[in-house]
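*Asks:* Model the full structure from these sequences, guided by the hints.
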Amino acid sequence: MKISNILFVSIQNILHKKRAYFKVLVGFFLVFLINFTIIFYAGSLSNAYKAFENGNANYAMIRALYNFSDEQLSELISDSRIKSIRYGNRQYLDNDLDIDIAFGKNNLSITIEESNFNVFYVNKNGTVLPENISLAFKEKTAAEPIKYGRNIQNTEDVIISEQIAESLGILPDDIIGERIKIVCGEYELNGVVCGVLDKRIMYTYNWCSSDIICYQSDEIESNVYEISLKNFIGNEELIENIAKMIPEGKGVSYWFGDYIINKIQVVEAQEELCSKFLSFMSVIVFFVMCVYVGCNQFYLMRKNSVFYGLLKSNGVSNKNIFIIHFLELFLLCLFSLALGVLCSVGILFVLQYAMANAFSISISFPFLSLIWSIPLFIFVGAVLSCLLTLYIYLHILKKPPIHLLNTGR
Amino acid sequence: MITVNNLTKTYGKFNALRNISLEINDGEFVAIIGESGSGKSTLLNIIGQIDFPSSGEIIVDGENTVGLDDKETAKLRNSTFGFVFQAFYLEPTYTVYRNVEIPLILKGMKRKDRKQRIEEVLNSVDMQDKLKNKASNLSGGEMQRVAIARAIANNPPIIIADEPCGNLDTKNGDVVMRLLRDLHEQGKTILMVTHSYEHSKWADRVIKLCDGKIVSDEKNN
Numbered sequence: 001m002k003i004s005n006i007l008f009v010s011i012q013n014i015l016h017k018k019r020a021y022f023k024v025l026v027g028f029f030l031v032f033l034i035n036f037t038i039i040f041y042a043g044s045l046s047n048a049y050k051a052f053e054n055g056n057a058n059y060a061m062i063r064a065l066y067n068f069s070d071e072q073l074s075e076l077i078s079d080s081r082i083k084s085i086r087y088g089n090r091q092y093l094d095n096d097l098d099i100d101i102a103f104g105k106n107n108l109s110i111t112i113e114e115s116n117f118n119v120f121y122v123n124k125n126g127t128v129l130p131e132n133i134s135l136a137f138k139e140k141t142a143a144e145p146i147k148y149g150r151n152i153q154n155t156e157d158v159i160i161s162e163q164i165a166e167s168l169g170i171l172p173d174d175i176i177g178e179r180i181k182i183v184c185g186e187y188e189l190n191g192v193v194c195g196v197l198d199k200r201i202m203y204t205y206n207w208c209s210s211d212i213i214c215y216q217s218d219e220i221e222s223n224v225y226e227i228s229l230k231n232f233i234g235n236e237e238l239i240e241n242i243a244k245m246i247p248e249g250k251g252v253s254y255w256f257g258d259y260i261i262n263k264i265q266v267v268e269a270q271e272e273l274c275s276k277f278l279s280f281m282s283v284i285v286f287f288v289m290c291v292y293v294g295c296n297q298f299y300l301m302r303k304n305s306v307f308y309g310l311l312k313s314n315g316v317s318n319k320n321i322f323i324i325h326f327l328e329l330f331l332l333c334l335f336s337l338a339l340g341v342l343c344s345v346g347i348l349f350v351l352q353y354a355m356a357n358a359f360s361i362s363i364s365f366p367f368l369s370l371i372w373s374i375p376l377f378i379f380v381g382a383v384l385s386c387l388l389t390l391y392i393y394l395h396i397l398k399k400p401p402i403h404l405l406n407t408g409r
Numbered sequence: 410m411i412t413v414n415n416l417t418k419t420y421g422k423f424n425a426l427r428n429i430s431l432e433i434n435d436g437e438f439v440a441i442i443g444e445s446g447s448g449k450s451t452l453l454n455i456i457g458q459i460d461f462p463s464s465g466e467i468i469v470d471g472e473n474t475v476g477l478d479d480k481e482t483a484k485l486r487n488s489t490f491g492f493v494f495q496a497f498y499l500e501p502t503y504t505v506y507r508n509v510e511i512p513l514i515l516k517g518m519k520r521k522d523r524k525q526r527i528e529e530v531l532n533s534v535d536m537q538d539k540l541k542n543k544a545s546n547l548s549g550g551e552m553q554r555v556a557i558a559r560a561i562a563n564n565p566p567i568i569i570a571d572e573p574c575g576n577l578d579t580k581n582g583d584v585v586m587r588l589l590r591d592l593h594e595q596g597k598t599i600l601m602v603t604h605s606y607e608h609s610k611w612a613d614r615v616i617k618l619c620d621g622k623i624v625s626d627e628k629n630n
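Top line first, the protein sequences correspond to chains A and H.
Mapping the first sequence onto my numbering, position 134 (from 1) lands on 134, and the numbers just tick up by one.
Add 409 to a position in the second sequence, counting from 1, and you land on the number used in my numbering.
What the hints contain is simulated information worked out from the structure, not anything from laboratory work.
Keep in mind that the hints are not guaranteed to be accurate.
As the list claims (entries may be wrong) - Here are the computed lysine-lysine pairs in the DSS-like style, where the Cα-Cα straight-line distance is at most 25 Å:
{"#": "1", "chain 1": "H", "residue 1": "K580", "chain 2": "H", "residue 2": "K610"}
{"#": "2", "chain 1": "A", "residue 1": "K2", "chain 2": "H", "residue 2": "K521"}
{"#": "3", "chain 1": "H", "residue 1": "K521", "chain 2": "H", "residue 2": "K484"}
{"#": "4", "chain 1": "H", "residue 1": "K524", "chain 2": "H", "residue 2": "K484"}
{"#": "5", "chain 1": "H", "residue 1": "K617", "chain 2": "A", "residue 2": "K18"}
{"#": "6", "chain 1": "H", "residue 1": "K543", "chain 2": "A", "residue 2": "K17"}
{"#": "7", "chain 1": "H", "residue 1": "K516", "chain 2": "A", "residue 2": "K17"}
{"#": "8", "chain 1": "H", "residue 1": "K541", "chain 2": "A", "residue 2": "K303"}
{"#": "9", "chain 1": "H", "residue 1": "K543", "chain 2": "H", "residue 2": "K521"}
{"#": "10", "chain 1": "A", "residue 1": "K18", "chain 2": "H", "residue 2": "K580"}
{"#": "11", "chain 1": "H", "residue 1": "K539", "chain 2": "H", "residue 2": "K516"}
Since we're looking at a predicted model, the values are computed, not measured.
*Replies:* In structure tokens, the structure reads:
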């Protein structure tokens, strides 16, 4: 018996039962659509969260700043002195900006034009980054300070961190009152250490009156950074850039005037929770989908039991019936899968567009989710189709058609 | 000619057929009767190559069918047997024409020849006027007539009929039996399972089964 004849009869059968097949197709499609949308959205949030973690997203910050009143915001953006902030090795600084402040995981970088400081990098170990910038100070035992550069203009009191003091092999108390010279490129600060902050990293820059404080506080949580925005007046670009300096995985409190905004922590937690919840949901929906696909395969099998019985009683071998049933199910799965993926991608793009317009939030497309989920679904579809077809083959087709037919209407 | 030798069929510990031996000659009309669970349908299915025996042999036209593989069995089913079932088993969404067409397509018959053959067989069961009707719109008697037309479409020499009148009233039952009788007179071998002694009277020979054994094998007068 020619396989083309069997295929022809099978295609005719599908056309005759197009409503049943269409119902299954729509069901498959909806399940795939919901599942993929959830997976993609979870992937998007996850990406956003990762980007947020990397200090590369302003997502959470903007969300937090939306809670500022108009007066607060206008006050915040009225100071044009501070224009950009950068984080870690990422460059958000334009050369002509007045002040550049960057909080890295281990380093702080500030550029303040008025104070003749071009760049100032210090990490917790007292190492200065990058190569062309160095930190020099007058060691207690050193006869001469190491000198770099020129234009010694200011002599200010400087508070340094205990960590820096320790890294220099100096007890905190010993260094107080000592003169240190911080040299950055061709500029330097010549100051007297007036204090060491216990268990904190504190940098004060009174010379520019910006009163910018960033410190890691043990009093709150070791991984919580607090950034005071008191007198830290910038513009919208600044606000966005502040988000970029959010330390990795840390909750951040923002002080603004008398207000303390702790939203970031909440937002961050919400994002993370949301992402985890959606990932969990996608797993649940995935299993629901498996059950649904399985049930639909049984539905089709029952719908076609008379047809298969007729094929068998008219001389079609069990193997060929097996192949046809498998092909039908698998192609149905693939077709609905393709439709589902396309539509969920479309939905996600619409979501992205809407969010970008409404909230200035950018969500990157989770290509990774797409890459791993499609083969997974194809695999699951194939395995389910195989298992159910095998079940039919072993338990029904091997029996007389009366058994097969009795599973029908 | 069909020869059955020492045929046994067991389902677990249950013996559906026990050492059945019989011969069915070409052109015979045989009715197999017996109570429910006596093994008559099982015997019919095994002879029709739809089920497999646990032991024994079935020889169809000189060929021992035991040991044939799936493909060979399917081929034998296609070329030798036509099936009629109690519940008709027509595809309800198909038209009468399409239902009868399936075995012809599977056989590879050309469209034009198919059309001619379908009209021919539907004519023989007096259903030529309803070939465009959906199967679900037919009465029970009409459905069974279409099922018979489908069974004979490929012109098989043996018709296997499992309770062909089981779902029909007396009048329609008689119509179906008359059709089977006509087929027999045309030279077909008819193997029919029935509960009804009345219907068994249409056959040349009546085999009675009880608990998987043949308890009587008599010719009808």
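*Asks:* Would you mind marking each hint as holding or not holding in the structure?
*Replies:* Going down the list of hints, with the structure as the test:
1. H:K580 to H:K610: This hinted pair holds, its Cα atoms lying about 15 Å apart.
2. A:K2 to H:K521: With Cα atoms ~19 Å apart, K2 of chain A and K521 of chain H stay inside 25 Å; holds.
3. H:K521 to H:K484: holds (24 Å)
4. H:K524 to H:K484: Holds, at roughly 23 Å.
5. H:K617 to A:K18: violated (45 Å)
6. H:K543 to A:K17: holds (13 Å)
7. H:K516 to A:K17: holds (23 Å)
8. H:K541 to A:K303: Holds, at about 22 Å.
9. H:K543 to H:K521: With Cα atoms ~21 Å apart, K543 of chain H and K521 of chain H stay inside 25 Å; holds.
10. A:K18 to H:K580: violated (36 Å)
11. H:K539 to H:K516: holds (24 Å)
In this structure, the hints that do not hold are numbers 5, 10, in rising order.
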